[in-house]
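Q: Sequence:
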Amino acid sequence: MTPSPFDPASGEAAPRLLVSVRDADEALAAALAGADLVDAKDPERGALGALPVEIVRGLVAQIGGRAVTSAVAGEPADGTALAACVAAMAATGVDYVKVAVQAGFPDAALAEAASAAPGRLIGVLFAEGAPDTNLMPRLASAGFIGAMIDTATKDGRRLPDLLPAPALAAFTRACREHGLVSGLAGSLALADIAPLSVLGAHYLGFRGGLCRDSDRTNGLDPVRVALAVKTLRASARRNAA
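Position one of the sequence shown corresponds to residue 1 (the numbering used here), numbered consecutively onward.
FYI, nobody ran anything at the bench for these hints, they're computed from the structure. Heads up, a few of these hints could be off.
Cβ pair distances, simulated, as ranges [said to hold, decoys possible]:
1. A108 with G179: 19 to 25 angstroms
2. R233 with A169: 35 to 41 angstroms
3. P106 with P52: 17 to 23 angstroms
4. D25 with P106: 35 to 41 angstroms
For lysine to aspartate or glutamate, the following EDC-like pairs were computed, each having C-alpha atoms within a straight-line distance of at most 16 angstroms [unchecked claim]:
5. K154 with D42
6. K230 with D192
7. K154 with E44
8. K154 with D215
9. K154 with E75
10. K154 with E128
From the three backbone atoms N, C-alpha and C, an ideal C-beta is built for every residue, glycine too.
Turn these sequences into a full structure, and let the hints guide you.
A: Below you can see the structure in the form of structure tokens.
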């Protein structure tokens with residue numbers, strides 16, 4: 001398998017590229033264009049809309065180890081539903097599972113969810129809710145491997161429109177302090193790579209910015225994916241200089 005980007009101890013000068021895809025064809029196109037991680041989700045169903053498990057299984061088979069894979073497990077309304085949706089997606093063979101978490105979820109529910117995908121679960125917080133860095137030690141203690149921030153409302157506002165750079169840097173720093181991989185996502189554009197790449201995230205997540213006409217419900221554009229890869233590599237060189 002491709003080496004995993006999910007390494008909390010990574011000291012890379014720039015994050016890697018996560019590209020969200022909606023089917024096996026997009027997944028293969030993203031991997032061939034250089035995406036480090038291919039993330040399965042349904043853009044028609046909001047920020048963390050889960051694809052049917054059979055589509056995710058096919059997507060994993062299509063990738064065939066060309067890239068690391070992850071899949072969205074949804075946005076459970078309360079902690080009681082957390083483990084079941086994680087378990088269903090983990091059974092597809094995907095490398096990692098992402099699920100929305102809230103500060104109000106009990107520690108026991110977080111631990112049960114993590115046990116449904118041991119060493120493979122990433123918690124997603126939403127920028128609109130002013131993510132609480134106090135959740136980081138709880139996720140780490142529960143057994144999560146990472147955490148990311150995304151935008152819940154896809155209304156054209158980008159992550160940097162909702163949270164300033166110091167808040168994002170505080171999030172990535174809290175993740176590192178507690179041994180969690182960190183990710184930043186939310187309607188990002190190619191122009192966001194340079195300013196976000198210095199904030200300490202392990203990866204940046206894209207969908208709409210890499211689709212035709214920058215519309216997340218349109219098809220993925222492999223040329224834009226390749227350009228994002230090139231831009232991230234250039235940022236790594238600048239940051240290391």
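Q: Run every hint past the structure and note whether it holds.
A: Evaluated hints:
1. A108 with G179: 19 to 25 angstroms: 21 angstroms, holds
2. R233 with A169: 35 to 41 angstroms: Given a distance of about 22 angstroms, which is not inside 35 to 41 angstroms, the answer is violated.
3. P106 with P52: 17 to 23 angstroms: 29 angstroms, violated
4. D25 with P106: 35 to 41 angstroms: Given range 35 to 41 angstroms: holds, Cβ gap about 40 angstroms.
5. K154 with D42: 13 angstroms, holds
6. K230 with D192: This hinted pair holds, its Cα atoms lying about 14 angstroms apart.
7. K154 with E44: 11 angstroms, holds
8. K154 with D215: Given pair K154, D215 holds - Cα atoms ~10 angstroms apart, limit 16 angstroms.
9. K154 with E75: The given pair, whose Cα atoms are some 15 angstroms apart, holds under the 16 angstroms limit.
10. K154 with E128: 11 angstroms, holds
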